[in-house]
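*Asks:* Read top to bottom, the protein sequences are chains E and F. So the mapping is simple: the working numbering equals the position in the first sequence, first residue as 1, plus 85. So the mapping is simple: the working numbering equals the position in the second sequence, first residue as 1, plus 47.
The hints are simulated quantities; they were obtained by calculation from the structure and are not laboratory data. For glycine and all other residues, C-beta sits at the position ideal for the given N, C-alpha and C. Fair warning: there could be bad hints in the mix.
To be verified - Just so you have them, the derived chain F footprint on chain E, three or more residues with Cβ under 8 Å: (1) 100-114; (2) 155-161.
Said to hold, decoys possible - Here are some chain E residues pointing at chain F (derived, C-beta under 10 Å): (3) Gln122; (4) Phe150; (5) Gln165; (6) Cys177.
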Amino acid sequence: NAGVMQNPRHLVRRRGQEARLRCSPMKGHSHVYWYRQLPEEGLKFMVYLQKENIIDESGMPKERFSAEFPKEGPSILRIQQVVRGDSAAYFCASSPFGSTDTQYFGPGTRLTVL
Amino acid sequence: AQSVTQLGSHVSVSEGALVLLRCNYSSSVPPYLFWYVQYPNQGLQLLLKYTTGATLVKGINGFEAEFKKSETSFHLTKPSAHMSDAAEYFCAVSDRSAGTALIFGKGTTLSVSS
């Protein structure tokens, strides 16, 4: 069973460009979470999605950030008009339907904004 | 609100010595508790978790942790450190509701010297 997959692993953008981060959950998992890790910090929750639904976006910045998890295909975290403060590692995690505990993490996408 | 405190951002031990990484949490409800390990430029790997039942939890790579409700602690230990244990370790908590986000501590970097 393949693990959580994220791509790209590294992404470089200039200020003002858009960043799209993709996450394919483990097979059979229908819950996806996005976290951001800033330097010297732990992971901070951003958004929780199920297929075609955003369940909890309490950790998402109000502007420029959006997320989706379509019926088909990977979950996408989109950052518009990136700024240098968006430079971070973005991790996706997935869990099985009905699970209340373990989240399985992908390798992350490291975003650098020049 | 839930929170996690990891005492000591850096811990250094000699190979073969005891590893003790401290984690204290605050939660208004009995929590689920987790330890994750992160190797450089990689995602998070689950070491162990406490949900219910036995308070001494055994994980992978010889690690274990004990849930102490009276102390609101979930410290991670390993009797004998190995060079390959050098990594960053994160303690996390969630409540028992399905699909909730993990709250992470800021992490502890473990260094192992020969």
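*Asks:* Hint numbers the structure violates, sorted upward?
*Replies:* 1, 2, 4, 5
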